[in-house]
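Please work from the sequences and hints to get the whole structure.
Residues per chain, in single letters:
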Amino acid sequence: MYAFELERPETVAAAVELLKGDDEAMPLGGGQTLIPTLKARLAQPSVLVSLGAIGELRGVRLDEAGHLCIGAGETHAGVARQAAAHYPALAALAGQIGDPAVRNRGTLGGSLANNDPSACYPAAVLGSGAVVVTNTREIAADEFFQGMFTTDLEEGEIITEVRFPIPQAASYRKFAQPASRFALTGVFVARFADAVRVAVTGASEDGVFRWEEAEAALARDFSPEALAGVSVPADGMIGDLHGTPEYRAHLVGVMAARAVAAAR
Amino acid sequence: MRKVTMTVNGKSVSAEAEGRTLLVEFLREGLGLTGTHVGCDTSQCGACVVHVDGRAVKSCSIFALEAEGAEVRTIEGMANEDGSLSPIQKAFQDHHGLQCGFCTPGMVMSAAALLAETPKPTEAEVRHHLEGNLCRCTGYHNIVKAIMAASGQEMQVAAE
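Chains as they are written, first to last, in the numbering used here: chain E, 1 to 264; chain W, 1 to 160.
Hints may be right or wrong, so weigh each one.
Stated by the list, open to error - Okay, the calculated beta carbon distance ranges per label pair:
1. W/T42 to E/P233: 12 to 22 Å
2. E/A3 to W/T34: 17 to 27 Å
3. E/T150 to W/D94: 17 to 27 Å
4. E/V254 to W/T122: 23 to 33 Å
5. W/N80 to E/T150: 44 to 54 Å
6. W/S84 to E/L62: 42 to 52 Å
7. E/A195 to W/A124: 31 to 41 Å
8. W/S84 to E/Q44: 33 to 43 Å
9. E/Q146 to W/D41: 30 to 40 Å
10. W/P87 to E/R220: 27 to 37 Å
11. W/D94 to E/D240: 19 to 29 Å
Worth flagging that the hints you see were computed from the coordinates, not collected in a lab. We put the CB at the ideal spot given by N, CA and C, even for glycine.
This is the structure in structure tokens:
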């Protein structure tokens, strides 16, 4: 790793101030992606602003509107534990990320800010129609994700909380890449009173996306059979040594049907 | 360089660390606690697993300065006070839960974290929990057997 200073502010305001004063400063969440990136010398920050000591980024609560509000600094393990009673599908997704030690460090906010095209959380956030709250504003999930490793976040903007509407039924099914445990393809399905949302991760070169054709079919009939006639084109799907675009396109349909069948 | 203070295996320690000093480097090079191993350094193998505030983490993927004020436990802190092996360590010995032994510190720390939360895991739960701990000797069967035995559940294995 190149050398850098590491700061541990205790408030969001102090973290924002540290990031504002220095173009080369970077925020550090749980570090489960950023630290390996630093080791590979793919990033060279002057200062890492660790968000790990900020108490206000922790906590899981229900707001007046019945949304499940999760602090961006909550670890995957923390979400798996604390969200289970309120939003089981989300808790189950968090409990399948990486491995136990990674889940004890990696955070919700870190995963979303990174927007890895194969990460699990983007599927839950987009599939739930959640709102990403930052130190300056609220961003709808449909606007937040803007392609592979790209989000609507400005330089120095910090995710503070994510507000999840709780669906009537939901499920996430991922086909895990056996070595990395990232999603080779993962599908999050959520049924609300007035709509169905289907979000797909791991498959597209544009990162997480909503599969609107499946949403329409499931809105008419929320059953795996309803997906029999719909498919996604292989065009634009990721092709790598783990799977071809055609294979991933096929997996999208398979995992979506499994998610619908398992939705509770 | 900045001074960092934490509790390691029950003892308060203070030492200088750079921003980029990993917790595993701090433990091994700063404190001489070389029981925690660096296997891959890419956060995949789990040989470096230690407990930070009671939770298993990969010490190659956390900076020493992030452990300021934390309670850290390493493999050196696992034995009983009289130096005899803890039940998990004893089970690894009894069931030959190691071959070359390189992954063992991480395996023991991961096993201890599992049994603290789930005292009687199923075999499937043990295997699933060890997803982030790689044994290049592929000694998994006896590792699983040892962890089951440490939980008070002797198990049948296909090959003795």
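Here is how each hint holds up against the structure:
1. W/T42 and E/P233 have their C-beta atoms about 35 Å apart, which leaves the hinted 12 to 22 Å range violated.
2. Checked against the hint of 17 to 27 Å, the pair E/A3 and W/T34 passes, with Cβ atoms roughly 24 Å apart.
3. The hinted window of 17 to 27 Å between E/T150 and W/D94 is violated, with their beta carbons roughly 53 Å apart.
4. In this structure, E/V254 and W/T122 meet the distance hint of 23 to 33 Å, their C-beta atoms being roughly 28 Å apart.
5. Between W/N80 and E/T150 the C-beta distance comes to about 53 Å, which sits within the given range of 44 to 54 Å.
6. Distance hint check: the CB atoms of W/S84 and E/L62 are about 49 Å apart, consistent with the given range 42 to 52 Å.
7. As the Cβ distance of E/A195 to W/A124 is approximately 37 Å, the hint placing it in 31 to 41 Å holds.
8. Remark: the range hint 33 to 43 Å for W/S84 to E/Q44 is contradicted by a beta-carbon distance near 48 Å.
9. At about 32 Å, the CB distance of E/Q146 to W/D41 agrees with the hint of 30 to 40 Å.
10. Taking the beta carbon of each, W/P87 and E/R220 are about 57 Å apart, not inside 27 to 37 Å as hinted.
11. Checked against the hint of 19 to 29 Å, the pair W/D94 and E/D240 fails, with Cβ atoms roughly 44 Å apart.
Checked against the numbered hints above, the structure violates hints 1, 3, 8, 10 and 11; every other hint is satisfied.
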